[in-house]
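**Student:** Note that the protein sequences, when read in sequence, are chains A and B.
All residue numbers for the first sequence refer to my numbering, where the first residue is 9 and numbers rise by one.
All residue numbers for the second sequence refer to my numbering, where the first residue is 213 and numbers rise by one.
Please keep in mind that the hints were generated in silico from the structure rather than gathered at the bench.
Incorrect hints may have been included.
[To be verified] Facing chain B, according to a computed beta carbon distance under 7 Å, are these residues of chain A, among others: (1) R56; (2) E59; (3) N104; (4) P148; (5) A151; (6) S290.
C-beta: ideal position from N, C-alpha, C; glycine also.
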Amino acid sequence: MTFRKQKQARPLLALALSAVLLLPASLVWAQFGGEPFIDREDDPKDNRPGEPEFTFVRGKYENYGGRGAGPGRGWWETDYPDSDRNFLRGVRRYTNLDANSIGYKALDLTDPELFEYSFLYINMKRIPITIPSSGPNFTPEEAKALREFMLRGGFVMLDDFWGEQHWQDFLIEIVKIFPDRELVKLDDSHPIFHSFFDVSEILQVPGRSVTWNYNSGFYLDDPDFPPSVHGILDDDGRVMLVANYNTDLGDGWEHTFYEPYPTRYVNEAYKLGINYIIYSLSH
Amino acid sequence: MSLIQEHYLQAIVDGNLTFGVSLGIAGLILGALLLVGIALFAYRKTTCPISRPWKAALVSLRAASLLLLGFLLLEPGVLVSEVTPQETYLAVLVDDSQSMSIRDQSNLPSRHEQGVELLFGRENVVGRLGENFQVRTYRFSDVAQRLAGPEVLSQDGEHSSLAVSMEQVTSELASFPLAGLVVVSDGADNGDIDPLQTARELAEKKIPIYSVAVGANEIQKDVNLLDVSAAKALLQDSIYRVQVNISQRGYAGKRVRLTIRSKGEPIAEQQIALPDDGKAKRYTLELSPKDEDILVYEISVDEQPGETITQNNKHRFFVDNRRKKPLDVLYVEGQPRNEYKFIRRAVKDDQSLRLATYLQTGPRKFLRQGIQSPQELSSGFPKQAEDLFAYEAVVLGNVDKTLFNEEQLQLLQDFVAKRGGGFLVVGGLNEAFIGTPLENLLPVEMAYESRLPSYLQGGPRRGDHPTGAEYAAQLTREGQYSPILRLDSQDSKNRELWAKMPALQGVYVSGRAKPGASVLIEHPSLKYQDSALPILTAQRYGAGRSMVLATASSWRWQMMMPSEDQSHERLWRQTLRWLASDSQQRLTLTMDRDTYNVGERVTVSAQLRDEEFEMDNNGLLWLNITDPEGQTEELPMDWQLEKDGTYTQSFTVKREGVYDLAVKVPSELDGELQTKSPLLVTPSRREFLNAGADEALMRRLAATTDGRFYNASNVHQLVDDVTFAPNAYSKMEVHSLWDEPLFLILLVLLVCLEWGARRLKGLS
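Next comes chain A alone, as it looks inside the complex (with noise of 0.2 Å):
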């Protein structure tokens, strides 16, 4: 009975959410640059045949023990998929690209399938953010894929890492990749922030159990997590990996419809994503 009850509950629950998320969801959208809500087809009535053109891949990989850890389980995971769905969403509104929100997929880093595809996020969390040795630890297979995977012209965004201990680890693990290349942090003026919103300032987009957790116990824009964005260039000063650091798109995205979150860090993280695809897609 009761299993039934809430089946019958569930679909009323939902229509009764989406009226109160999509006024706060519609507010969201016109913050973007003033440009007009493109009103277009959403996903369901997208019923061409096939994969869209652009297809938001998620990289897979081993990591180190801690709660990511566990049989079809790891931190690669976080924010998956409702952060990849929004953004998606977000991408298919505001830009060309031919994009829907189920048009991604998570792939292991050596699956031979990467290379069908030129971008590529990969979330970077563990928690709690003050351990050692947590995160990813890519093998030596993964770490070959993913020079390979940038040096024939893949895009790499490495997203949601905190504190000076993850960015050991995320030093530890970028020279896994790249043992001779300089990580480069990019200021304002990078033609990524640029490629299509105007992007000023790096901000500090709250990442959950971080800087921000449903609205308690946690400071927005914790001056102890200064934002910053890396990159690793290529030979033609090319950014072929970017890196965000205490900032946490991945939330962003996935708090795109709700409502405790605030609103500036959403419009932020969807503009950087944005500019970060239009960015792989142009150079």
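Please arrange chain B on chain A, whose structure you already have, making use of the hints.
**Tutor:** Just chain B now, kept in the frame of chain A:
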């Protein structure tokens, strides 16, 4: 001393026999009978008896003696044509071109030495001719010059033009009575005018040619580098193919070394097997020049033992590898996608291409890349011809028709048809373009999706439906040999590399290729209208080219190949270069030949078009010439009344080396428009190509003009022939025959024989 002059005999044979005493036929017969009667009478009785045969013999001898005496008493003579000594002129022309230095066999004198011996040596032809004629001797190669003596002959003429030389000499001597031309040559003529044509003209003027041939018809041992073909100008990092034709005699199948040198240093070598005797074969060498300069190369085949001519074993050529203004390509893309990204990456290092891109990133949002100024493409797709025509090629990605107005679509058609630009669609044009000028432009028929068979309606997205599936690019025969799709110059290697290329994915379905279009890649399995779906199709359109790539997945050739692999880059560079490099230029410069020899006249022709690429007849053009020593000269160019937009100027090259030519159109409005070209002046090899003597030509020259042909065996007759051959200025003279030694000897012989016979038979 001869018994009778040869030309007398000829005159007798010709029936030119006359008598001082005329008896008529009857008188002659009666006289002869009388003399025979006298002989019979004389032997009517003999002092001792002799047999009848002996008697008959003695009577015959006596009669013969009497008849001969009678003949001589009739004052016989021959009618011969003869010149008045020193009143008639005779021109002697001696070939002094380089081919006369050839020694056809190592144990023989050179052609030049043979000629000198004939004219000035033992036979002393020139000296003897001088007894009767005013002899004018000339040396000739491309033109004729007076010859002071055999010591002046130098065999350095770089051309042999018998026609020009004979015309020149006859015209110089036109006001004199010219009895004929004595021409000493190997007959290896390489002039532009047929010498037989000149011979026919001389025949009409009754000027005979006495041709004297020297040299061997066929050179027995020679390797001959006939010609070299190579592009004159290069695009950056091109593989530069040099093709050379080689013929040979005496070394069939021998392996020899073919070398290309730059500044004396070998830079490419190949061992080749020589072709069969008398046959020519083509060999190809590849160069990848790095120096950005005008590069002069020498290609040579090693000198072979016993080779007759070594001057034809090498050849010089050049390539202009100076950095040029890159070809400007405009790429308009309707959406950010992999194909756009990877095309840009493929050509980023190609200095010969500039890709200016206009990417629609979102509704009313555009990203410009590769632009040269903030103004470029700032208001979208160019609206004016002068702006669009500044590009050499236009590429359209997945564009929406709303990006263009009708005028812009028409302008794009003019861009290809009139301006000669290249046009490429990556993917396909959507149905909205049907009925626009772009439909015309495409090399394939456009199709409405709704009218396609259902299996072709799925669209190009990646999936299991037929038009979204992966497939191997299938190169057509034309595609395999197209320079656009070459991954290696060797056919087998090319096929091998293509077999390794990753699959493409997705096809934009079109109708068939239009008549005249070439399908270079086709779908391996999908068909429409009984033809495989075209994937890459190209055609000429007006003055330009158009092409469609019916997939947007060529980027897979990059992402699915090792990062070091350059196939994707190579294919896109070749494609865009093919589209752009043949586009018309506003100002072009052409010359009548690739290389010149010192002293030759070069005609430079320039073609000028205005900003809309219409022929411009109102230009003020200057030709700037910088010679190999850096001396410059500037000459105005003349507009050619009969050819629109064409201006010409000529000058003579005086030094060996590389000349730099520039045509400039100074204009206050546009700044200066100019185009440049190098010009190579080399030593001539012409005399050593096809250098075998042409005896047949020499024979025909003589036969055409009623002259006579000579070689070493009969040249001694030349002086008499010339002296007594009829010509416009000779007169007929009767020469008595009675004092010819032949007759005296004959008479004495007859008398002695008769006397001897009588003694033998005891007659008194």
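**Student:** Evaluate each hint against the coordinates.
**Tutor:** For each hint, the structure was consulted:
The restraint placing R56(A) at the interface with chain B holds, with a minimum CB-CB distance near 5 Å, inside the 7 Å limit. Nearest Cβ of chain B to the Cβ of E59(A): about 5 Å, under the 7 Å cut. The hint holds. Interface restraint check for N104(A): the shortest CB-CB distance to chain B comes to about 4 Å, inside 7 Å, so the restraint holds. At its closest, the beta carbon of P148(A) sits 17 Å from a beta carbon of chain B; the interface hint therefore is violated under the 7 Å criterion.
Checking A151(A) against chain B: minimum C-beta separation of about 15 Å lies over 7 Å; hint violated. About 6 Å separates the beta-carbon of S290(A) from the nearest beta-carbon of chain B, less than 7 Å, and the hint is met.
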